Amino acid sequence: MEEDEFFGEKTFQHCCAEFIRHSQQIGDGWEWRTLKDSSEGYMCKTHFQIKSETLMSHSGTSACVQTCLPIEEALELPLDDSEVTETTTGSQVIKYEYHVLYSCSYQVPVLYFRASFLDGRPLALKDIWEGIHECYKTRLLQEPWDAITQQEHPILGQPFFVLHPCKTDEFMTPVLKNSQKINRSVNYITSWLSVVGPVVGLNLPLSYARAASEDE
Amino acid sequence: MRQEDISEIWFEYEGTPLKWHYPIGLLFDLLASSSALPWNITVHFKSFPEKDLLHCPSKDAIEAHFMSCVKEADALKHKSQVINEMQKKDHKQLWMGLQNDRFDQFWAINRKLMEYPAEENGFRYIPFRIYQTTTERPFIQKLFRPVAADGQLHTLGDLLKDVCPSAVAPEDGEKKNQVMIHGIEPMLETPLQWLSEHLSYPDNFLHISIIPQPTD
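These protein sequence lines map, in sequence, to chains A and B.
Numbering of the first sequence is given in the numbering used here, commencing with residue 1 and proceeding in unit increments.
Numbering of the second sequence is given in the numbering used here, commencing with residue 217 and proceeding in unit increments.
To be clear, the hints were calculated from the coordinates, so they are not data collected in a lab.
Worth double-checking, as some hints may not be accurate.
As the list claims (entries may be wrong) - Computed, partial: chain B to chain A, Cβ under 7 angstroms:
id: 1; residue: E228
id: 2; residue: K267
id: 3; residue: L270
id: 4; residue: R353
Unchecked claim - Chain A residues, not near chain B, derived (Cβ > 10 angstroms throughout):
id: 5; residue: W32
id: 6; residue: K51
id: 7; residue: Y106
id: 8; residue: R121
id: 9; residue: E152
id: 10; residue: I155
id: 11; residue: T173
id: 12; residue: V175
id: 13; residue: K177
id: 14; residue: V199
As the structure is a prediction and not an experimental result, all values here were calculated from the model.
Quick reminder that beta carbons are idealized off the backbone N, C-alpha and C, glycines included.
Let the sequences and hints guide you as you build the complete structure.
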């Protein structure tokens, strides 16, 4: 629509299509959802994790250690857990949903996510927060522009957590400039998601990067 | 009620949970415009509808949401240049002016957000959202320029024809809907740039309701 756009909606959709193509090849679960009567759409992925809670002390206090395992790994664990020294109070399945939408205001992709138990009860941000790796927590606290806030999903109208988009082009511009310099093509969505995804528990297999550099 | 039974407060009108992050005037226009004032709504202290409403943990959350809308509006109007040039104390003054109903204090800052370069005829894009209770999507928001390529000012009618054609009746057809901003129906010939400068809400967005024409 607009020629002066750095990362316009058409480019967004093209990058997502390439990304999903690779996702289908490796069974990574990303899909495209279109809006009724519209050319607009977004990318989404749902995955399930088993969260097992091990309490160090009485529940209600803050000492709570959780280990999150992807379901495939969890199923491989020996049924006899005599090696576990802490008391396991129970495990629950958490459903994580990740949506990648395009923001026409900032002309960048935006990551929306939410987590819930199988009965539909949503996880609060502090529960999701606990699943985030230490090194990202420090970064989030130091750089508030990475702030996660609860916002209304612009298409579904439901509460989701969002990683704020206003500084996206600050970290993406050097990536794109560098790729032009070394003459190696880069998929904006792949690069962007590999930066912001891990902060909220979403990891991308390395094969996405190889696929991106093969697409000309 | 016992203290321990009380959880987060929320509001509802005729079965619809009210989104606190929407301007109150917008909610009224959209849901109850034909009712007499005062607007009677129901206050709840239990069963917070997690799937429908954002949590509002504190007044800071309201300020953060307001400021994020103002920033998004400026991203559209000025590529964020005006808002980013302001100091933190100017942002604070905008919020405090709104919170304490201080018109002059608010406009001392807001007037800068309503300016545009002398060589242009208006903002880069117009910040607007169109709401209809009949659609699944919470609102429509797209990139739309206030001035056409030939220099003509786009009107409210032009906007609707482009982004929400079902809202406007065909020229010979019967008027099905009211197009309402701040409880009034501006003429469709009104220039959008003018509406944006003079009829925006404090968050600098034009919040437009499309409601069925009352039959009385």
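Checked hints:
no. : hint : in the structure
1   : E228 : 16 angstroms, violated
2   : K267 : 6 angstroms, holds
3   : L270 : 5 angstroms, holds
4   : R353 : 6 angstroms, holds
5   : W32  : 17 angstroms, holds
6   : K51  : 19 angstroms, holds
7   : Y106 : 6 angstroms, violated
8   : R121 : 7 angstroms, violated
9   : E152 : 6 angstroms, violated
10  : I155 : 6 angstroms, violated
11  : T173 : 14 angstroms, holds
12  : V175 : 20 angstroms, holds
13  : K177 : 19 angstroms, holds
14  : V199 : 19 angstroms, holds
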